[in-house]
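One line per chain: the protein sequences are A and B, in this order.
Just so it is clear: in the first sequence, position 195 is 195 by my numbering, and no numbers are missing.
Just so it is clear: in the second sequence, position 362 is 362 by my numbering, and no numbers are missing.
Misleading hints may appear alongside valid ones.
Straight-line distance between alpha carbons at most 25 Å, and here's what the computed DMTMM-like set of lysine to aspartate or glutamate pairs gives [what the hints assert, rightly or not]: (1) Lys-63(A) - Glu-387(B); (2) Lys-129(A) - Asp-338(B); (3) Lys-385(A) - Asp-292(A); (4) Lys-110(B) - Asp-91(A); (5) Lys-318(B) - Asp-337(B); (6) Lys-18(A) - Asp-91(A); (7) Lys-165(A) - Glu-217(A); (8) Lys-318(A) - Asp-260(A); (9) Lys-122(B) - Asp-143(A); (10) Lys-129(B) - Asp-91(A); (11) Lys-129(A) - Asp-143(B); (12) Lys-301(A) - Asp-338(A); (13) Lys-187(B) - Glu-387(B); (14) Lys-129(B) - Asp-140(A); (15) Lys-285(B) - Asp-337(B); (16) Lys-123(B) - Asp-292(A).
Residues of chain A clear of chain B, computed beta-carbon distances all greater than 10 Å [as the list claims (entries may be wrong)]: (17) Arg-25; (18) Asp-53; (19) His-336.
Going by beta-carbon spacing under 7 Å, a handful of chain A positions derived as facing chain B [to be verified]: (20) Glu-56; (21) Asn-58; (22) Gln-68; (23) Leu-69; (24) Gln-76; (25) Met-83; (26) Gln-86; (27) Gly-89; (28) Gln-99; (29) Asp-143; (30) Asn-304.
To be clear, the hints were calculated from the coordinates, so they are not data collected in a lab.
Since we're looking at a predicted model, the values are computed, not measured.
Cβ coordinates follow ideal geometry from the N, Cα and C atoms, glycine included.
Here are the chains, one letter per residue:
2 protein chains.
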Amino acid sequence: MAIIVQKFGGTSVADAQKIRRAAQRAINAVKKGFQVVIVASARGQQTDELIADALEVNPNPPKREMDQLLSTGEQQSVSLFAMALQAMGYDAISFTGGQIRMLTDSVHTKARIKSVDTTRIKKHLDEGKIVLVAGFQGIDENDDITTLGRGGSDTTAVALAAVLKAQECEIYTDVDGVYTTDPRIFKKAVKLKQISYDEMLEMASLGAGVMHSRSIEFGKKFNVKIHVRSSLEEKEGTMIIHEVPEMEGVVVSGATIQKDMAKLTLIGVDNKPGNAARIFAHLAKAKVVVNDIIQTEVSDKKANLSFTVGTNDLAPAKEAITEIKDEVGCDKILVHDDIAEISVVGVGMRTHYGVADKMFNALAKAKINIDSITTSEIRISCIVKQEQAEKALEAVCLAFELDKAAEKRTKAKK
Amino acid sequence: MAIIVQKFGGTSVADAQKIRRAAQRAINAVKKGFQVVIVASARGQQTDELIADALEVNPNPPKREMDQLLSTGEQQSVSLFAMALQAMGYDAISFTGGQIRMLTDSVHTKARIKSVDTTRIKKHLDEGKIVLVAGFQGIDENDDITTLGRGGSDTTAVALAAVLKAQECEIYTDVDGVYTTDPRIFKKAVKLKQISYDEMLEMASLGAGVMHSRSIEFGKKFNVKIHVRSSLEEKEGTMIIHEVPEMEGVVVSGATIQKDMAKLTLIGVDNKPGNAARIFAHLAKAKVVVNDIIQTEVSDKKANLSFTVGTNDLAPAKEAITEIKDEVGCDKILVHDDIAEISVVGVGMRTHYGVADKMFNALAKAKINIDSITTSEIRISCIVKQEQAEKALEAVCLAFELDKAAEKRTKAKK
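Here chain A stands alone, though its shape is the one from the complex (with noise of 0.2 Å):
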């Protein structure tokens, strides 16, 4: 019999209405003859509401008990879930991340999962039950309870479709799918029907939110089909695959706006090896997340240097900087706080030209000036000035036809 693995957010499972409808969904999959496992997340505001808790009698919760305390919030979920299930006449039953011994190393509130036991999954899925795990939790070698960090529930949900060789891991959440770009932004951006998983994580790590990173690696790796959908209609959403064939004939699959960013430029930097590596590694150890880093020589001797943070990084990463400013040769600082960077993504660039082409016009034409860019395989990126960034990304969108399902855009030229 074909598994099917289900996995509902925080927001789908937040009040008895949403679980009975959620769980209407595990009994729907039920009668297409699926055997159903249900991943839930804590309830609405449940893990921010034990956090602030927790800040109110520790300012430093350590994270061992961080994650005793967390990981209730996911049990609660399941149990209720199943208790809804039973109600509506379907037998229904309940485990946490250590019930079905799902092992992870110890690093609390970050631990990464090593192994699942699926012999009690295997067994209340043959009795004919609907078999729920708590979301986002594990236990390590010493029966601890451990956390996978944020976006848990969905590297749960993976992994266990994983291990139990799942024919797809549905993934439930507010959104129906995964868009060209915000839809917010951009009003007529399209979902897609199909996205690599290169793609996704490129878009993850570009702030598309809908999941989270680790999830998606985890997906590549063990060839998990994962279908993005929405909790509140029936329709089909996203499905994240491998690379097939078709994807190639599509140059750009989504474009990404990240606002809220930084750009510090450190102006005269002694140009000698290990210079690069002293600075980047002074700001790892103030805990700054560097984005994207352009370095350019002036002369033999001098190099400027340019890194993107989030604002909420700024601060530190100024304070780190000026710390070792003079020990690389440094001149000056400049800080621009009012950026933001504009992305386009897909797996057509790897056998396309003409991409970054079409991209700048797009912004020339619009009247745009592109501060700087920034390329991988299949992604390029143009920081902007944050007040143009809403018009920059339309006009890349219009370029691109994200606007337009995949199969309706122009052929691309190869």
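Place chain B on chain A using the hints.
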């Protein structure tokens, strides 16, 4: 090093400030040289809130899932308690029932403890940590979470004190000890320095709500000194201990009042073997908790049978005996729902005479009619009219000098 177990109820850990106050109690014990194990209940009204959440998704929630749900409340309390201790500079670690292998049978919502593995607790105590254990919960042989029923956290604490051979088990509550009677009704009630397990058991079953019977039974069986004391004040509370010779000098240790009771009388039941058993089996099937039973023969062939129940059980009790009425040959059913029971309890009754006499005289002087009387080895109970109940309690308390400390009362005659 001597071990002390401290148990804090829900009101004692209801918010951050109260958790810190409770934590200070643990720290004080550490400073006195004890190794400290803390057992905590769920915060404030949390258990009731979770029960309400469950009933919203399922009016008849499956018990296994109920345990899975409710056990999270205690888990949250102990992790927050551990965080508070660490913020106050003391190393602490929290455990669920499962993590210390608090093994129970599989009777969900009222499981019984079978064994506890003290290895982990002792290891961490010996490393200088304060150990916290979630009350009320255990696991069965399948790793399914169980709960111990009403007063379960007391049972957890006393059980841990037993297996750890603790010097004392402190039960912190919002009252400062066990009183001769309910001070809200008899203002001059005094706190008892000590009381025997047997007396405390009688008082608990008569509605003195300080501790639940099962934990007292456990303490008696495993010789655990139980100290009931206030979480708000430093002063000594009441020690629950084995009977010592000096207790015999005190005829009556305490008096109780149970309001909200009803008496049902079956008139003219056929006086033949098996009829009483038939009636009470039928009541048990209807889940009616019967308090006292009084049977009187009215002829060779007929008897009258009375029993008392809490008023919340009156409707199902009436229904049950109406069903069985004809089968046992009963002519008529009488119901009194305006009664109360006044009881006196004391191990001294075993060796002293004149106790019943004194009680009946006190009630007679106060012009209170006694409806019926039942006794056990260390208890005498009288059913009176509800409206006279408080006056009756006061008369009895004054007769037995329950407004005076035990050592100051008139010496009883053997």
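Here is what the structure says about each hint:
The straight-line distance between the Cα atoms of Lys-63(A) and Glu-387(B) is roughly 57 Å, outside the 25 Å bound, and the hint therefore fails. This hinted pair does not check out: Lys-129(A) and Asp-338(B) have alpha carbons roughly 50 Å apart, beyond 25 Å. A distance of roughly 16 Å separates the Cα atoms of Lys-385(A) and Asp-292(A); the hinted pair therefore holds under the 25 Å criterion. Note on Lys-110(B) and Asp-91(A): the hinted pairing holds, with a Cα-Cα distance of about 22 Å set against a maximum of 25 Å.
At most 25 Å may separate the alpha-carbon atoms for a hinted pair to count; Lys-318(B) and Asp-337(B) meet this at roughly 11 Å. Taking the CA atoms of Lys-18(A) and Asp-91(A), the gap is about 19 Å. The hint holds against a cut of 25 Å. Between Lys-165(A) and Glu-217(A) the alpha-carbon distance is near 16 Å, which keeps this suggested pair within the 25 Å criterion. This hinted pair checks out: Lys-318(A) and Asp-260(A) have alpha carbons roughly 16 Å apart, not beyond 25 Å.
Our distance criterion of 25 Å between C-alpha atoms is met by Lys-122(B) and Asp-143(A), whose separation comes to about 16 Å. About 43 Å separates the Cα atoms of Lys-129(B) and Asp-91(A), which puts this hinted pair outside 25 Å; it is violated. Restraint check: the Cα-Cα separation between Lys-129(A) and Asp-143(B) comes to about 18 Å, which is no more than 25 Å; the hinted pair holds. Between Lys-301(A) and Asp-338(A), the direct Cα distance comes to roughly 30 Å. Violation of the 25 Å bound is thereby established for this hinted pair.
Distance restraint check for Lys-187(B) and Glu-387(B): the Cα-Cα separation of roughly 18 Å lies within the 25 Å cut-off, and the hinted pair is therefore satisfied. Taken as a hint, the Lys-129(B) and Asp-140(A) pair is honoured in the structure, with Cα atoms around 20 Å apart against an allowance of 25 Å. For the suggested pair Lys-285(B) and Asp-337(B), the alpha carbons sit about 22 Å apart, so the restraint of at most 25 Å is met. Proximity of Lys-123(B) to Asp-292(A) is assessed by CA-CA distance (about 48 Å); at most 25 Å being required, the pair is judged violated.
The claim that Arg-25(A) lies off the interface holds: its Cβ sits roughly 15 Å from the closest Cβ of chain B, which is beyond the 10 Å cut-off. The non-interface label for Asp-53(A) is inconsistent with chain B: the shortest C-beta to C-beta separation is roughly 6 Å, within 10 Å. Every C-beta of chain B lies more than 10 Å from that of His-336(A), the closest at about 40 Å, which supports listing it as non-interface. At about 4 Å, the closest approach between the beta carbon of Glu-56(A) and any beta carbon in chain B falls short of 7 Å, and the interface hint on this residue holds.
Given the 7 Å rule on beta carbons, the hint for Asn-58(A) holds: about 4 Å separates it from the nearest Cβ of chain B. Using the Cβ-Cβ criterion of 7 Å, the hint placing Gln-68(A) at the interface with chain B is satisfied: the shortest such distance is roughly 4 Å. Proximity of Leu-69(A) to chain B holds as hinted, the smallest CB-CB distance being about 4 Å (cut-off 7 Å). For Gln-76(A), the suggested interface contact is upheld, since its CB lies about 5 Å from the closest CB of chain B, less than 7 Å.
Interface restraint check: Met-83(A) against chain B, minimum CB-CB distance 4 Å, threshold 7 Å, status holds. Below 7 Å, beta-carbon pairs count as interface contacts, and Gln-86(A) has one with chain B at about 5 Å; its hint therefore holds. Annotation: interface hint on Gly-89(A) violated; nearest CB of chain B at approximately 11 Å, more than 7 Å. With 7 Å as the threshold, the beta carbon of Gln-99(A) comes within range of chain B, its nearest partner Cβ sitting at about 5 Å, so the hint holds.
Because the beta carbon of Asp-143(A) sits about 5 Å from the nearest beta carbon in chain B, less than 7 Å, this interface hint is met. Annotation: interface hint on Asn-304(A) violated; nearest CB of chain B at approximately 46 Å, more than 7 Å.
Checked against the numbered hints given earlier, this structure breaks hints 1, 2, 10, 12, 16, 18, 27 and 30; the rest are met.
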